[in-house]
Structure formats: structure tokens, C-alpha cells
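Visitor: In the order they appear, the protein sequences are chains V and D. For the first sequence, position 447 matches number 447 in our numbering, and the numbering has no gaps at all. For the second sequence, position 235 matches number 235 in our numbering, and the numbering has no gaps at all.
The set of hints was computed from the structure by calculation and includes no laboratory data. Predicted model only: the values in this text are computed from it and were never measured. Be aware that a few hints might be false.
[Stated by the list, open to error] Keeping only pairs whose Cα atoms sit at most 30 Å apart, straight-line, the calculated DSBU-like set for lysine-lysine is:
# : chain 1 : residue 1 : chain 2 : residue 2
1 : V       : 151       : D       : 102
2 : V       : 32        : D       : 136
3 : V       : 151       : V       : 138
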Amino acid sequence: MAVFIFALLGIVLPLSENKNNISVFKYLPNIKLGLDIQGGSSLEYSMVIPEGARAEEIVNNVIAVLRRRLDSAGYTEAVVSEVVVGGERRVRVEIPGISDTRRAEELIGSKGKLYFAEVLEVVESTTPPQITRNRKVKVNGEEIDLYSYVKDSRNPNLWYRVKNVFEFGDSPFQITGLDVTDARASLNPQGAGFVVNLSFNNQGKTKFELATANLIGRQIAIILDDEVIIAPVVRDKITEGRAEISGIETVQEAQNIAVLIKSGNLPVDLVKFQESTIGPTLGKDVVTTIVNAGIIGLVVVMIYMIIFYGWMGFVADIALMYNTLLLLGILSWTGAILTLPGIAGIILTFGTTIDGNIIIYERIKEEIRVGKPPLTAIKFGFNKVFPTILDANITTVLAGIVLYFLTSGTIRGFAVTLIIGVLGAMFTNLVVTRVILEGSSNLIKPEKYLKGIVVGKGGNE
Amino acid sequence: MPNLNIVGKRKVFIYLSLALIIFCVIVIFVKGFNFGVDFSGGSEIVISCQEAYSIDQIRNALQQIDPSYATAKIVSAKPSGENITKNFYVITIKDSFPTSQKKDEFIAALAANLQSVDLGVEQFNDVSGYAAKEIKSYAWYAIIITLVVLLIYITIRFQFSYAIGAILALAHDVIITLGLYSLFGIEMNLMAVAAFLTLVGYSLNDTIVVYDRIRENRAKSKSTPIEEIINSSINEVLVRCLHTSVTTFIVAFLMLIIGGRAIAPFAFGLTMGVVVGTYSSIFIASPIVISMVKNKKKGTKKASSKAR
Numbered sequence: 001m002a003v004f005i006f007a008l009l010g011i012v013l014p015l016s017e018n019k020n021n022i023s024v025f026k027y028l029p030n031i032k033l034g035l036d037i038q039g040g041s042s043l044e045y046s047m048v049i050p051e052g053a054r055a056e057e058i059v060n061n062v063i064a065v066l067r068r069r070l071d072s073a074g075y076t077e078a079v080v081s082e083v084v085v086g087g088e089r090r091v092r093v094e095i096p097g098i099s100d101t102r103r104a105e106e107l108i109g110s111k112g113k114l115y116f117a118e119v120l121e122v123v124e125s126t127t128p129p130q131i132t133r134n135r136k137v138k139v140n141g142e143e144i145d146l147y148s149y150v151k152d153s154r155n156p157n158l159w160y161r162v163k164n165v166f167e168f169g170d171s172p173f174q175i176t177g178l179d180v181t182d183a184r185a186s187l188n189p190q191g192a193g194f195v196v197n198l199s200f201n202n203q204g205k206t207k208f209e210l211a212t213a214n215l216i217g218r219q220i221a222i223i224l225d226d227e228v229i230i231a232p233v234v235r236d237k238i239t240e241g242r243a244e245i246s247g248i249e250t251v252q253e254a255q256n257i258a259v260l261i262k263s264g265n266l267p268v269d270l271v272k273f274q275e276s277t278i279g280p281t282l283g284k285d286v287v288t289t290i291v292n293a294g295i296i297g298l299v300v301v302m303i304y305m306i307i308f309y310g311w312m313g314f315v316a317d318i319a320l321m322y323n324t325l326l327l328l329g330i331l332s333w334t335g336a337i338l339t340l341p342g343i344a345g346i347i348l349t350f351g352t353t354i355d356g357n358i359i360i361y362e363r364i365k366e367e368i369r370v371g372k373p374p375l376t377a378i379k380f381g382f383n384k385v386f387p388t389i390l391d392a393n394i395t396t397v398l399a400g401i402v403l404y405f406l407t408s409g410t411i412r413g414f415a416v417t418l419i420i421g422v423l424g425a426m427f428t429n430l431v432v433t434r435v436i437l438e439g440s441s442n443l444i445k446p447e448k449y450l451k452g453i454v455v456g457k458g459g460n461e
Numbered sequence: 001m002p003n004l005n006i007v008g009k010r011k012v013f014i015y016l017s018l019a020l021i022i023f024c025v026i027v028i029f030v031k032g033f034n035f036g037v038d039f040s041g042g043s044e045i046v047i048s049c050q051e052a053y054s055i056d057q058i059r060n061a062l063q064q065i066d067p068s069y070a071t072a073k074i075v076s077a078k079p080s081g082e083n084i085t086k087n088f089y090v091i092t093i094k095d096s097f098p099t100s101q102k103k104d105e106f107i108a109a110l111a112a113n114l115q116s117v118d119l120g121v122e123q124f125n126d127v128s129g130y131a132a133k134e135i136k137s138y139a140w141y142a143i144i145i146t147l148v149v150l151l152i153y154i155t156i157r158f159q160f161s162y163a164i165g166a167i168l169a170l171a172h173d174v175i176i177t178l179g180l181y182s183l184f185g186i187e188m189n190l191m192a193v194a195a196f197l198t199l200v201g202y203s204l205n206d207t208i209v210v211y212d213r214i215r216e217n218r219a220k221s222k223s224t225p226i227e228e229i230i231n232s233s234i235n236e237v238l239v240r241c242l243h244t245s246v247t248t249f250i251v252a253f254l255m256l257i258i259g260g261r262a263i264a265p266f267a268f269g270l271t272m273g274v275v276v277g278t279y280s281s282i283f284i285a286s287p288i289v290i291s292m293v294k295n296k297k298k299g300t301k302k303a304s305s306k307a308r
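Chain V with its partners taken away, still in its complex shape (with noise of 0.2 Å):
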């Protein structure tokens, strides 16, 4: 009883903000739908890690990128997470209730290369300036040509002359935003506006501190994706490894830049692997017949159980309303995020249910048949049925188990409730029926079950 309160808490209290509005599910706010059923966008990434790269590193890295600017585009119930396959690291994007992914896609695709270049020239025209001479420079294996015109982000007819490479000290290099640890906005502590505070890593310190001694008076343009973010004039030679960019005039900005800036660059190139995006119309219409072929199946299994076995068959069929309850209210507990095979789980977890009572009635018939009265009966049919119902459902609990690790995504949602339901069955055959059963024993007419012995002893024997 007590098992079963718990459930229904679960199930009523209001302890989300979950809404949802799919068939059922109305009245079970704190069920957690899969994209499949609410509708949404499901994009994953395989990535290529160079050999001898940290994965784990790397990894974390995009995640953090890609959350940072899924939640600066507006999608903050986004969920960005990590899928291990088989020794391969992928990233899945799930966005919840859109189907045009093509903002989302844009903004996970773009490697979102930040640099920060030496400005030779700004000038206005409407279109794009032609570099006449240029060269190539080798940084790191990669070549890249030396200048570019690169455009104001605000204004489109603002264009940079840019260096894209310092060629100060040993070896040309270059400032990326591998380099930038963190940027955040704050208030300008010594005069009017807002600043940007940049820190650098180690390398990005010491690349940054002979750029700057070498460019003081003269601009840095900071560019992300072909754009420039932000010109700023160096002021001094920086050598802690922290810069500030000040000068801004809203805090909006200032939080904008810092955003921009941090969530730069993407370690390694995203390549999209899969993609599965469900309309919100379509989720909803398919879980509606499915739940109610459900509902119908479950109705004419429970007046089956009741013609095959009378008040007994009314006992299982409280015992499938209790299990089913008891699931969701796990469900809700948990939040175990609900799929459609998950639902094809939990209906087959009314066939768990049934087959548990329907093993345990047959023995308690056969008990009563040998002529025992209905209550010893039901002792001893319940102590000879458990090693029964125990082998029969934990080889479906390691199936289930099996599935749950091997699989990723929605077919995950079907071991989830599989085993879930597979216990509670059990618990509920074994423990629920029980005490219903004993407590209503003279409700069983044992005449029915004599009458059979007739026709049944030849097979005994």
C-alpha cells in the first residue's frame, strides 16, 4: 500500500513545469516525453579527433561550445550530450519541439573559427574591397593567406584590411580562441561603460604578449566566422595573460561579445552522423492511436481474465491497474525519459503482468483440485509458483538489461520501462495479489475447480 501511495505522488504532485498536452499524458505532467513523442529535433555529430589528442578533452570542449551557443541562440531546453559507441565519441544535440533545424544546424555546424588579427586599414564601401597582392604563410601546417578585408559585424559596409598572421618573433603564429580561457563582461571599474575581460591560457599569454608590445597605438580585430567582433586599440604591452576591452557602451553588448568570444572556436570538425526530426503533429498523432490501441487491449484482456477465472480474474486485473500505476509513477520519479517503444514496453508489460496471475492461478487450481480449501490453497500455490515467476522474468530482465546497454536513443526507452515493468510485476504478482487474494479466499468457489477433476485425472497420472 504504502509502495503504492509513493507511486501516485509521483505521478500527481506538480514537482515540473512540464507541460504536456499529447493524449494521456495530460493528466501525467511529470512523465518526461522522448522527441519522438512531443516532437523535436535530434541531430548527433560524429567528430574527427586527431590521433593523440585527449578525446575526453576534446569532447567536453564541444559540448561546452555548442552549449554555449545553443543557449545564446534561444534554445535553452536544448540537451547537448555525449554518445559512446563502441570506443567512438559522438556529441547529440536534442532540441525539443522544433522541426526546422536549420538555425540549429547552422549554428552547430560552423566550426566558428575565432582569430584575432592585426588591422591595417578600415574602409567604408558597399562592396567587398579586393586584396591585390597577397601571400601565403604556413602556420602549423595550415596555410593561410596573409591578408583579407574582413566585415564589420554591425555595420556591412565597414571593412577591415587585416593581417591574419603575426610575424613577430621566431615563427609567424597565430591567436585563436583555443587561446582564450574565458571572457566575461563586467562594469568598467574605472570609468563610464562596460569592458570585456579576456584571460588567456599559457600559449596564448605569450603569443599575446608579443603581439601586443609589437602593436601598441594600433588595432586588434577580433573576427569570428569572416566578421569583426571588436577592434579595440592596444593601449600596453600585456603580459599576465588578461586583457580587457573597454569602451563598450550597454551591457548587452559587452555580455554579447563575451559570448561570441568564448563560445568561438569548435576543437575539431562536426560531421553530422544522423538526424531524425519528428513534427510536433505527426508525435502526437501516432502516440494518440498507439496509446489507444493500447487502452482497447487492455480492456478486453482484463473482461478475458474475468470470464477464464472470475473473482480471481478481478484480482489480476487490479494487479495490472497497480502495476501499471506503480510504472508510472517510476517513471515520474525518475525522470526516465518516455519514448515510443517505451510505450510499447509498458504494454507489453500488461502481458508480464497477466501471464504472472495466470501461472499463479493455474497452480492455486491445481491445489485446490488435489482438495485443499481455497486459503491453503493460495499459501501453497504462491510458495511453489516463485522460483517459477523468479526464472521466467529476470531471463527477461537480462534481455532488457542487455538491450539497455548496447542501444542509445529511443530503443533505450523500451529496455527502461521493460525492466522496470518486468519488477514491478513481479512485486505486484507476488506480494499485491497475495495479500488480496488471501484476504478474499472466501470469495473462490472450489466446487468450479472440483468439477474439472474428473476430466482432469487421467492427465495426472
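We have chain V already, so just place chain D on it with the hints.
Guide: Frame of chain V, contents of chain D only:
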């Protein structure tokens, strides 16, 4: 309680099953499977539009984009919701779209060729060739690892011969159901794999119930010949097996007929699996244990040592 001589006629059932298995293997080799994008790679796009088109019209529109799309699979599917007035079409093509730009181009070209004003994308599944390969290999791993785990469990709880019997019965169920998928052209996708694993769990459940009764009856009377014990055990649990199968069948069958296209690969496997699984648990799994147990007995008598 029924009293059927199942064990006595076991050869009939075993030959029947062998014939069925051979038939199914031939069907699989000749007809192959209707693989969904999960296994073959490619894109599955569900479009909706106000206008009604014939399949040929859509095929022509696809062909105009790329001649190789002539082989695309096109299914007209209308969801059963009352307030849906649009027409739905499921298009499966072999290409995967690596960028959103390519995808947009494809949709725009399709809308232009069909001269549709409100063509919308309801569902989009894109599985790259790598993903398909991986899913395929993991589907195999899942099945093999499940079998091994079950083999170990049954050996611990029963005996090794029983484990072999159960696994053979499972292989029997899986092969025949695979054959039926091929025969009826039901789509093979991840849902179908889930159906197979459920079927494995279900059929095994049935088999274990019979084995459990055999275990119990053998413990009661060690002198009775194994054939008799197995036959009476099967008869004792027959009613239970039928009740369980009928109830599960009702639920699965209803899912198959009302559930529609999305759940069909799952519901089909389950519906067929219940029938095949029940048959194998009663007529195959236990009878084939007999010969193994007998051989083992001879062996142990000769060695005159540990019997269990």
C-alpha cells in the same frame, strides 16, 4: 487437464519446424529484407501538403531532381487523426544530407517540381552510411550477447542441456519470424530489433515455465522415464501457456491493426512472435531436451559419477 501425447509425436513437430526453417531461410535469401534507413543508410522524409498527388507524380518530381531518385520508396500515409486534412507521403531515398543547406535545396526543389504551395516536412530521419553500419553490427551484438547471458543463467538455474534446448527454440523463433518479415515485406529497423528482443524474452519466458515444471516433476519422482515426465509437465502448463498467449496476442494484434505504420515493424514481430514462440515452447524446446538428457545419462552411468 488436457492429456495430449506431445512427446510421442515429437518427430513430427521437429520435422515440421525444420521444413519451416528451411522455407524461411530460402525466402530470406531470395526476397531479402525491406531495410529501413536505420540499416541501409539514407533519408526518410515525411512530407505533408494540401494537394493530393499520385505516387507517380512524386516519383517524377524526384526524378527531376536527380535521376537516381527514381528508385526511391514512396508511400502515401494518412495519419488517423480526425482533424488532419493534409496528405502525407513518406519518401525514402538512398542519399543522406550532410548539411542543412543540401536538405533545404532538396525540399525546395521537390516543392517546386510538385508545384505545391504548402509543402511541409513532418518528419526527417537521416542516417549516414556509417551510422547504418554501426547499428547493424550492434543489432548483432545485442542478439549474441543476450543469447550468451541467457545460456549462462539457464545453465545455473537448470542444466546445460536445458540451456541448449532453450537457445535452439529461440533460434527457431527468430529465424521463422525473420522469414515472415521478409515474406510480408515488413520494414526492418530498430523497432523491429526491439521486437525481436522482446520475442526472445517472451518465448524464453514460456520455455522456462515448462522447464520449471519438468524440474519440479523430476525431483518428485526420479524413477519415471524422462519422456513421461516431460509429456505430463507440458500438459500441466498447457492451459497457462494458451491463456498467456491469447492475452498477449490480443494486445499485440490490436497494436498491429490500429497502431499504423510507425509501430507496425514492432507490432508485427510481436504478433508473429507470440504464435511462433508459444508453438516452440510447447512442441520444440522440451522434446529436444529429451535426447540430450538421455545421452547425458548414459554418459554419467558409464562414468558412474555426479548426476546433476
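Visitor: For each hint, tell me whether it holds in the structure or not.
Guide: Quick rundown of the hints versus the structure:
no. : hint            : verdict
1   : V:151 <-> D:102 : holds (27 Å)
2   : V:32 <-> D:136  : holds (29 Å)
3   : V:151 <-> V:138 : holds (24 Å)
Against the hints set out earlier in the document, no violation occurs for any number.
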